[in-house]
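> Take a look at the letters that make up each chain.
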Amino acid sequence: EAGVTQFPSHSVIEKGQTVTLRCDPISGHDNLYWYRRVMGKEIKFLLHFVKESKQDESGMPNNRFLAERTGGTYSTLKVQPAELEDSGVYFCASSQVGLFRPTYGYTFGSGTRLTVV
Amino acid sequence: QQQVKQSPQSLIVQKGGISIINCAYENTAFDYFPWYQQFPGKGPALLIAIRPDVSEKKEGRFTISFNKSAKQFSLHIMDSQPGDSATYFCAASIGGKLIFGQGTELSVKP
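Just so you know, the sequences run in chain order A and B.
Anchor point for the first sequence: position 90 equals 94 in the numbering used here, and the numbering is continuous, going up by one each time.
Anchor point for the second sequence: position 91 equals 96 in the numbering used here, and the numbering is continuous, going up by one each time.
Next up, chain B with everything else stripped away, as it sits in the complex (with noise of 0.2 Å):
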């Protein structure tokens, strides 16, 4: 129940293309879902974040669609860049720790 699924494991997008990250989780008592950029050598970083009570949320080039009634949640980034390429983690947050998806490796081919 306090797991958060996440598909594909890697994904390939041509330069100006959609990538599509998906996201499923069980637990309904998960507060915040946030997304992470992950670049090798580095930390996770915070990319963008949606509340349970938000169906979409955008910034930039990155819109994340929230449906709670599926309990699923999805990552858009419009106009793939190869700057973009990095593993994408969605997580899921319950008292200040995160539940994290396995990741998807994405690469943007120029």
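This is chain A alone, in the form it adopts within the complex (with noise of 0.2 Å):
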């Protein structure tokens, strides 16, 4: 079984500029999540999908950051302008529908690296 995937692994754009990142979740788990880790804090939760549908956006810091998940498969989160303390690892995890379960596979990628210069 694949993992979840994402692109690119690292990114260096220069403040105002626009960076999308993606991620393809596991085939089949309907629930998407995106965190970011800013370096040396903890991994702090953006938002949650259900299919293509935002259940939790609690986390999204403002509005320069825009989510989206069309057609319940990959998910895109674009930064627009980027600033400086936008730098951090972005994570993003998928899992099954249901009640969140260990054994339902909650698992992230890898990360995009973002660096904003």
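Errors might be hidden in some of the hints.
Taking beta-carbon pairs under 8 Å as the criterion, some of the chain A residues facing chain B (in silico) [as the list claims (entries may be wrong)]:
#1 35
#2 45
#3 49
#4 52
#5 95
#6 110
#7 114
Pairs of lysine-lysine residues, derived as BS3-like cross-links and limited to a Cα-Cα distance of at most 25 Å, are as follows [as the list claims (entries may be wrong)]:
#8 B:47 <-> B:102
#9 A:82 <-> B:10
#10 B:76 <-> A:82
#11 A:45 <-> B:76
#12 A:48 <-> B:10
#13 B:73 <-> B:62
No lab work stands behind these hints: they were computed from the structure.
Nothing here was measured: the structure is a model prediction, and the numbers come from that model.
The beta-carbon is built from N, C-alpha and C at its ideal position, and this holds for glycine as well.
Two chains, two frames, a set of hints: combine them into the complex.
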């Protein structure tokens, strides 16, 4: 079974530019999550999709961040315009629909390291 | 109230020793407490998890101890090995959303 795939693995952009991160969840996983880790701090929840619907976007920092999941498959996270404080590692995770259980395979991707200079 | 506090920030243990990482939480609505292991360049991977109605769970060399009244839980790694060197995160779940601790960088010296 293929895991959660994220790309790019690294991105360096200038302040003010736009960056789009992509996440391909495990096939059949309707739950898709975005998280972010700013250097040295905890991994923080950004938002949760169930299929193509946003279930919880309480962690999105501001309106410069836009997440989409068209067709309930892959998801994109766009940052526009990027600021220095957006630097960090962005993780995507997916799990099966239903009550949250460890056996349902809440699986993380390897992340995208975003550096804004 | 949504925070999970993790300590220590870093830990150095000799091979064969016991590694202990502690976490504390406030929100009694958390319903699941996983530990994740992360190697450089990889995403967090589920290591072991416990539900709040269980006081201890053991899987191989890894044990979670859970104290519901104190709102604390800890990870014990017995017979620590150099291959266990990684960053460890405790977490707590609410509605499928994970609230993570700050992470502990574990280094096991040969």
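> Check the hint pairing residue 45 (chain A) with residue 76 (chain B) against an upper bound of 25 Å on the C-alpha distance.
It holds: about 22 Å lies between the C-alpha atoms, which stays within 25 Å.
> Can you confirm whether the C-alpha distance between residue 48 (chain A) and residue 10 (chain B) stays at or below 25 Å?
This hinted pair holds, its Cα atoms lying about 13 Å apart.
> Once the shortest beta carbon distance from residue 110 (chain A) to chain B is found, is it less than 8 Å?
holds, 7 Å
> Regarding the hint that residue 114 (chain A) lies at the interface with chain B, is the smallest CB-CB distance below 8 Å?
Where the cut-off is 8 Å and the nearest Cβ of chain B is about 5 Å from residue 114 (chain A), the hint holds.
> Verify the proposed pairing of residue 47 (chain B) with residue 102 (chain B), using a straight-line Cα cut of 25 Å.
holds, 20 Å
> Below or equal to 25 Å on CA atoms is what counts here, so check residue 73 (chain B) against residue 62 (chain B).
Roughly 14 Å separates the two Cα atoms, so the pair holds.
> Going by Cβ atoms only, is residue 52 (chain A) closer than 8 Å to chain B?
holds, 6 Å
> Closer than 8 Å between Cβ atoms is the bar; does residue 45 (chain A) clear it against chain B? Give me holds or violated.
holds, 6 Å
> Hold the hint about residue 49 (chain A) up to the distance rule: shortest CB distance to chain B must be less than 8 Å.
holds, 5 Å
> Taking 8 Å as the limit, does the beta-carbon of residue 95 (chain A) come near enough to a beta-carbon in chain B?
holds, 6 Å
> Below or equal to 25 Å on CA atoms is what counts here, so check residue 82 (chain A) against residue 10 (chain B).
It is violated: about 30 Å lies between the C-alpha atoms, which goes past 25 Å.
> Go through the hint on residue 35 (chain A) and say holds or violated, using the shortest Cβ distance to chain B against 8 Å.
Because about 6 Å separates residue 35 (chain A) from the closest Cβ in chain B, which is inside the 8 Å limit, the hint holds.
When each numbered hint is compared with the structure, violations occur for hints 9 and 10.
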